[in-house]
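Make the full structure from the sequences, and use the hints.
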Amino acid sequence: MSEPTNDDVNETRDISEVPAVEVINTVAVHMLSAAAVKLGLSDGPDAEAEKDLDEARKLINVLASFITAAAPEIGNHHARPLRDGLRSVQLAFREASRFPDAPGKGPGEKWTGPVN
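Going by numbering that gives the first Met the number 0, 69 is the number at position 70 of the sequence shown; the sequence numbering is gapless.
A few of these clues could be false.
[Stated by the list, open to error] In silico lysine to aspartate or glutamate, EDC-like type, Cα no more than 16 Å apart, as pairs:
# : residue 1 : residue 2
1 : 104       : 94
2 : 57        : 108
3 : 57        : 21
4 : 104       : 53
5 : 50        : 94
Don't read these hints as lab results, they were simulated from the structure.
Printed below as a string of structure tokens:
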């Protein structure tokens with residue numbers, strides 16, 4: 000096994016200085032952004048071509064479980080905007096679906112309850 004390089008040591012040091020709440024928020028925002036793209040909500044000319052509801056469903060399910068698990072750790076102040084974003088992509092999924100899921104059966108609703 001090779002010795003760590005200066006870059007490896009610097010990256011580890013940089014990561015060690017980032018508070019957990021910031022890492023959690025960053026991961027959640029990346030998942031929210033990815034879900035929005037998979038829902039065809041990006042600004043680019045290929046937005047409709049990038050639409051993939053199966054992929055969006057997976058991302059929203061994982062995001063809902065992630066936010067639910069993280070909320071007690073990060074507190075309501077940080078969790079509230081993440082929940083708002085989650086609700087937005089859940090509603091966008093419902094609108095994008097030709098055959099909407101039954102209430103409580105949509106992506107993430109196992110963790111959030113029905114979204115209207």
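Against the structure, the hints:
1. 104 <-> 94: Roughly 14 Å separates the two Cα atoms, so the pair holds.
2. 57 <-> 108: OK: residue 57 and residue 108 at ~12 Å, within 16 Å.
3. 57 <-> 21: violated, 23 Å
4. 104 <-> 53: Distance ~14 Å between residue 104 and residue 53 Cα, so the pair holds.
5. 50 <-> 94: Distance of about 13 Å is within 16 Å: holds.
Against the hints set out earlier in the document, a violation occurs for number 3 only.
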